[in-house]
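Asks: My request is simple: use the sequences and hints to build the entire structure.
With my numbering applied, the sequence shown covers 1 to 495.
Honestly, the hints are just simulated from the structure, not real lab data.
Any given hint could turn out to be false.
No more than 20 Å apart at the CA atoms, straight line, and that leaves these computed lysine to any residue pairs for SDA-like [as the list claims (entries may be wrong)]:
1) K137 <-> Y151
2) K175 <-> S26
3) K137 <-> I198
4) K60 <-> Y151
5) K60 <-> F434
6) K439 <-> I416
7) K244 <-> G176
8) K244 <-> W318
9) K439 <-> H353
10) K244 <-> L409
11) K60 <-> L409
12) K60 <-> M456
13) K319 <-> V398
14) K244 <-> L255
15) K175 <-> T74
16) K439 <-> T358
17) K244 <-> P483
18) K60 <-> T74
19) K175 <-> I416
20) K244 <-> S313
21) K60 <-> G138
22) K60 <-> F75
23) K150 <-> I198
24) K319 <-> H307
25) K60 <-> R442
26) K137 <-> L118
27) K244 <-> K60
28) K244 <-> I311
29) K244 <-> Y254
The calculated label-pair distances, taken between Cβ atoms and stated as ranges, are [unchecked claim]:
30) S252 <-> V199: 31 to 37 Å
31) F66 <-> Q214: 30 to 36 Å
32) W206 <-> T74: 25 to 31 Å
33) G114 <-> A68: 45 to 51 Å
34) G312 <-> R172: 34 to 40 Å
35) P432 <-> Y254: 52 to 58 Å
36) K319 <-> F434: 18 to 24 Å
37) T74 <-> L464: 29 to 35 Å
38) V34 <-> T74: 52 to 58 Å
39) A209 <-> I311: 29 to 35 Å
40) F75 <-> E177: 50 to 56 Å
Note that beta-carbon positions come from the ideal geometry of N, C-alpha and C, so glycine has one too.
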Amino acid sequence: MSQAPKNVAPTTPYSSADASIRAELSEIDASLRVSSLFFITSAIFWLMAGTILALIAAIKLHEPSFAAGSELTTFGRIRSAHMNAMALGFGNNMIFAVCTWIMARLCRTPIRHGGLLLIAGSFWNLGLTVGIAGIIKGDITSVEWLEIPKYATPLLAISYVLIGVWGIMAFRFRKGEHVYVSQWYFLGALFWFPWLYIVAQVMIIWAPAQGVVQSVTNWWFAHNYLGLWLTPMALGTAYYLIPKVLGRPIYSYYLSVLGFWSLAIFYNWAGVHHLIGGPVPVWLLSAGIVASVMMVIPVIVVAINHHMTLIGSRLNWWKSPTLRFVVFGAVNYTLVSIIGSTMALRTVNMTTHFTHFTVGHAHHGVYAFFAMIMFGGVYYMMPRVLNREWPSASLIRVHFWMCALGILLMVFALQICGWIQGTQMNDAINYPDFLQIVKSTRPYMIIRSISGVMLMVGHLAFGLNFFWMLFSAGALRVQQEGPTLLISKKEGSKT
Numbered sequence: 001m002s003q004a005p006k007n008v009a010p011t012t013p014y015s016s017a018d019a020s021i022r023a024e025l026s027e028i029d030a031s032l033r034v035s036s037l038f039f040i041t042s043a044i045f046w047l048m049a050g051t052i053l054a055l056i057a058a059i060k061l062h063e064p065s066f067a068a069g070s071e072l073t074t075f076g077r078i079r080s081a082h083m084n085a086m087a088l089g090f091g092n093n094m095i096f097a098v099c100t101w102i103m104a105r106l107c108r109t110p111i112r113h114g115g116l117l118l119i120a121g122s123f124w125n126l127g128l129t130v131g132i133a134g135i136i137k138g139d140i141t142s143v144e145w146l147e148i149p150k151y152a153t154p155l156l157a158i159s160y161v162l163i164g165v166w167g168i169m170a171f172r173f174r175k176g177e178h179v180y181v182s183q184w185y186f187l188g189a190l191f192w193f194p195w196l197y198i199v200a201q202v203m204i205i206w207a208p209a210q211g212v213v214q215s216v217t218n219w220w221f222a223h224n225y226l227g228l229w230l231t232p233m234a235l236g237t238a239y240y241l242i243p244k245v246l247g248r249p250i251y252s253y254y255l256s257v258l259g260f261w262s263l264a265i266f267y268n269w270a271g272v273h274h275l276i277g278g279p280v281p282v283w284l285l286s287a288g289i290v291a292s293v294m295m296v297i298p299v300i301v302v303a304i305n306h307h308m309t310l311i312g313s314r315l316n317w318w319k320s321p322t323l324r325f326v327v328f329g330a331v332n333y334t335l336v337s338i339i340g341s342t343m344a345l346r347t348v349n350m351t352t353h354f355t356h357f358t359v360g361h362a363h364h365g366v367y368a369f370f371a372m373i374m375f376g377g378v379y380y381m382m383p384r385v386l387n388r389e390w391p392s393a394s395l396i397r398v399h400f401w402m403c404a405l406g407i408l409l410m411v412f413a414l415q416i417c418g419w420i421q422g423t424q425m426n427d428a429i430n431y432p433d434f435l436q437i438v439k440s441t442r443p444y445m446i447i448r449s450i451s452g453v454m455l456m457v458g459h460l461a462f463g464l465n466f467f468w469m470l471f472s473a474g475a476l477r478v479q480q481e482g483p484t485l486l487i488s489k490k491e492g493s494k495t
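Replies: The following block contains the structure:
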């Protein structure tokens, strides 16, 4: 690990930096323009497809007869297609766009062999399309988070290797010796994800292990997909954007070291708590519970680092589209992680297990934390990649408020519902009829569908603004009005 850097504030997005550095950054941005646009466009496609599938699945939970005329639209297939469209389609394409761009900028080196990156991305999306079509067709594996049929996974594995190797090679040929905090997280995730995916595929799909080992492997992968792939990519993005936009260094380099290594050590064990109550060795469950509780360390460290960096900004971050999304995501990282550590406790798990509480927790982490930070990354990088500003601040506001309120409404509804559901299932005397418990969840499922519509509106606003910008609508703003900020009408709001 490198030495702590000197406390010199980084260049702000619109300050007068050295001309040679600006030219270098422009060259890097230009080298990634085609691949970045491809990945973000792909992410938006999967975001829309995943949202539509999510709405269908959500409606089925309170209107079971909805779209019930075909086996293609049964709940099991639609939900699994939705999960993979959002996690592997939207999530990974956003990572490939935002994190490779940040990595290239931090390495200060233009992309090499950009055509290879584009080909790899095409194969990723082709493999995912084949896989999701297979799920809807009925070739589902029935293993949660690994539902994609085995004939599609080789395409995903090969394309990821090509993309991951590019990120590692960019780091290998970087200019300068210093390694930034964001790079630690990105590099860690680039190594962790293939290990997770290959081991899970081999031990569950291709050469299935016997008995309970499959369940342990399943939740080792599923939990670590969020914790050792999505989480480090989102945290690395936040660690880059918060100090960059504010024009100040991160609060503590040494806290960053502690946060990174404690995440790497503890999270790997935490997924086993999903099997509490199952036929799993008690020592393994206890290790998972302890690791889950110990995750409080990296969470608090990251929260301190982000919060202390923001102090003194006088709420200027609220005017930045980038930081509005990133700070929302960072705050929810703290909340969802503390809730997750609490859910690992046996006494709490007795109530939350097998309920909608767990579903709400998953949405909280993947969307309120990861997705919102990735949106912030796109809002920062696109003006630099395209050399023009976002055309509509109003659409950014719609995107933020619909998605922020929508996901919070969904999480609250699911977790309140889940707690009530778990309490009732633990009280067989007063609630002997399981159907009665299911019916009691219906009002909350309706709220879930309403929140899904809100998210859809936000996603449409994001997609519209992106394609509006892509087709040159924002060209004059960078010349005449400066950056697109979210400011009040009294301050001269841009719409």
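Asks: If a hint holds in the structure, say so; if it does not, say that too.
Replies: Structure-based check of each hint:
| no. | hint | result |
| --- | --- | --- |
| 1 | K137 <-> Y151 | 13 Å, holds |
| 2 | K175 <-> S26 | 16 Å, holds |
| 3 | K137 <-> I198 | 24 Å, violated |
| 4 | K60 <-> Y151 | 29 Å, violated |
| 5 | K60 <-> F434 | 18 Å, holds |
| 6 | K439 <-> I416 | 15 Å, holds |
| 7 | K244 <-> G176 | 19 Å, holds |
| 8 | K244 <-> W318 | 15 Å, holds |
| 9 | K439 <-> H353 | 18 Å, holds |
| 10 | K244 <-> L409 | 31 Å, violated |
| 11 | K60 <-> L409 | 19 Å, holds |
| 12 | K60 <-> M456 | 17 Å, holds |
| 13 | K319 <-> V398 | 14 Å, holds |
| 14 | K244 <-> L255 | 18 Å, holds |
| 15 | K175 <-> T74 | 53 Å, violated |
| 16 | K439 <-> T358 | 19 Å, holds |
| 17 | K244 <-> P483 | 15 Å, holds |
| 18 | K60 <-> T74 | 9 Å, holds |
| 19 | K175 <-> I416 | 51 Å, violated |
| 20 | K244 <-> S313 | 13 Å, holds |
| 21 | K60 <-> G138 | 18 Å, holds |
| 22 | K60 <-> F75 | 7 Å, holds |
| 23 | K150 <-> I198 | 12 Å, holds |
| 24 | K319 <-> H307 | 17 Å, holds |
| 25 | K60 <-> R442 | 10 Å, holds |
| 26 | K137 <-> L118 | 28 Å, violated |
| 27 | K244 <-> K60 | 44 Å, violated |
| 28 | K244 <-> I311 | 15 Å, holds |
| 29 | K244 <-> Y254 | 18 Å, holds |
| 30 | S252 <-> V199: 31 to 37 Å | 34 Å, holds |
| 31 | F66 <-> Q214: 30 to 36 Å | 33 Å, holds |
| 32 | W206 <-> T74: 25 to 31 Å | 26 Å, holds |
| 33 | G114 <-> A68: 45 to 51 Å | 47 Å, holds |
| 34 | G312 <-> R172: 34 to 40 Å | 37 Å, holds |
| 35 | P432 <-> Y254: 52 to 58 Å | 57 Å, holds |
| 36 | K319 <-> F434: 18 to 24 Å | 51 Å, violated |
| 37 | T74 <-> L464: 29 to 35 Å | 32 Å, holds |
| 38 | V34 <-> T74: 52 to 58 Å | 39 Å, violated |
| 39 | A209 <-> I311: 29 to 35 Å | 50 Å, violated |
| 40 | F75 <-> E177: 50 to 56 Å | 54 Å, holds |
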